[in-house]
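Peer 1: Sequence:
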Amino acid sequence: MTTLHYHHITDEEISKIFQESVSSKRGQLCIEYGLRSLPSILDKLKRERHLQTPQDIYHATAGKIGRLLKLTCELFSQEGEDDFAKIWKIFEIPKKWSRLPNPISHYNSFMMSDLLRLAMIMPFLLNQFLKESSLKNNKTATIQQRIDILQVAKMMKAVFNKEFILDSYEELQLYLKEEFLILPKVFASFVNLPIIHINMHLLMHAKTFGTLVNSFQSIIL
Numbered sequence: 050m051t052t053l054h055y056h057h058i059t060d061e062e063i064s065k066i067f068q069e070s071v072s073s074k075r076g077q078l079c080i081e082y083g084l085r086s087l088p089s090i091l092d093k094l095k096r097e098r099h100l101q102t103p104q105d106i107y108h109a110t111a112g113k114i115g116r117l118l119k120l121t122c123e124l125f126s127q128e129g130e131d132d133f134a135k136i137w138k139i140f141e142i143p144k145k146w147s148r149l150p151n152p153i154s155h156y157n158s159f160m161m162s163d164l165l166r167l168a169m170i171m172p173f174l175l176n177q178f179l180k181e182s183s184l185k186n187n188k189t190a191t192i193q194q195r196i197d198i199l200q201v202a203k204m205m206k207a208v209f210n211k212e213f214i215l216d217s218y219e220e221l222q223l224y225l226k227e228e229f230l231i232l233p234k235v236f237a238s239f240v241n242l243p244i245i246h247i248n249m250h251l252l253m254h255a256k257t258f259g260t261l262v263n264s265f266q267s268i269i270l
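For the sequence shown, the numbering used here gives the first residue as 50, with consecutive numbering after it.
Heads up, some of the hints might be wrong.
[Said to hold, decoys possible] With a Cα cut of at most 30 Å, we get these calculated DSBU-like pairs of lysine-lysine: (1) 135 <-> 65; (2) 185 <-> 203; (3) 206 <-> 145; (4) 234 <-> 206; (5) 119 <-> 203; (6) 185 <-> 138; (7) 206 <-> 226; (8) 185 <-> 234; (9) 206 <-> 135; (10) 135 <-> 119; (11) 135 <-> 226; (12) 119 <-> 144.
Calculated from the structure, these hints are not laboratory results.
Given these sequences and hints, build the entire structure.
Peer 2: Pasting the structure below:
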């Protein structure tokens, strides 16, 4: 079995090779250690932990949206739930979509892709029925002043954009910043979540790799 080389051992062996003045002996040391006569130029590279450990943007975004939608639905009063169910049954969705069950009663059956689709239409659903009596404990002020489902939907569109121009990066930065500030203020469960924290890194990812559609790395939701 080949002996594993730790960094400090390898550094010592490279130093011995470099200090050997006789070419033939230097070659023998290279063969013995299995190393080049000079270290690789890649050894000078420094790891950038946020770029070389990219976030799983798809699941992080869907996770944020899923939490927001669930918590929003939990604010509905019985009247609000009834009104939502009525609108949900008749609401027209794109023909290519499969019909989704009521998210209030069947939330746990929703897949990540279902949550993203729900986020697209949720602003229109709320606009058709939401009023003061639709919410528990008079939460209307909280909804109107702090929760902006439409803003979250715009953020999602910006994140999954397949083509970026200069204005797209500025738009992405704006939406990510607003979401980062809004969600923890509205719901305490969003405070210090990793899926919120990575908002600070997504703009750098987009500028480095062109878009955000090819970044994947597991993260706890």
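Peer 1: Would the hint linking residue 185 and residue 203 be met if the CA-CA limit is 30 Å?
Peer 2: 27 Å, holds
Peer 1: Can you confirm whether the C-alpha distance between residue 135 and residue 226 stays at or below 30 Å?
Peer 2: Cα-Cα ~35 Å, so violated.
Peer 1: Taking only the CA atoms, is the gap from residue 135 to residue 65 under or equal to 30 Å?
Peer 2: 79 Å, violated
Peer 1: Could you grab the alpha-carbon distance between residue 185 and residue 234 and see if it respects the 30 Å cut-off?
Peer 2: OK: residue 185 and residue 234 at ~18 Å, within 30 Å.
Peer 1: Would you mind confirming whether the straight-line C-alpha gap from residue 119 to residue 144 stays at or under 30 Å?
Peer 2: 25 Å, holds
Peer 1: Regarding the pair residue 185 and residue 138, is the alpha-carbon distance no greater than 30 Å?
Peer 2: This hinted pair holds, its Cα atoms lying about 23 Å apart.
Peer 1: Given the proposed pairing of residue 119 with residue 203, does the C-alpha separation stay at or below 30 Å?
Peer 2: Cα-Cα ~19 Å, so holds.
Peer 1: Hint check: residue 135 vs residue 119, CA-CA at most 30 Å. Holds or violated?
Peer 2: Status holds; Cα separation ~18 Å.
Peer 1: With the threshold set at 30 Å, check whether the alpha-carbon distance from residue 206 to residue 145 stays at or below it.
Peer 2: 18 Å, holds
Peer 1: Is the hinted pair residue 206 and residue 226 satisfied, with a Cα-Cα distance of at most 30 Å?
Peer 2: 15 Å, holds
Peer 1: Take a quick look at whether residue 206 and residue 135 sit within 30 Å of each other, Cα to Cα.
Peer 2: Between residue 206 and residue 135 the Cα gap is close to 27 Å, so the pair holds against 30 Å.
Peer 1: Assess, step by step, whether the Cα of residue 234 is no farther than 30 Å from the Cα of residue 206, and give holds or violated.
Peer 2: 22 Å, holds
Hints 1, 11 from the earlier list are contradicted by this structure; the remaining hints agree with it.
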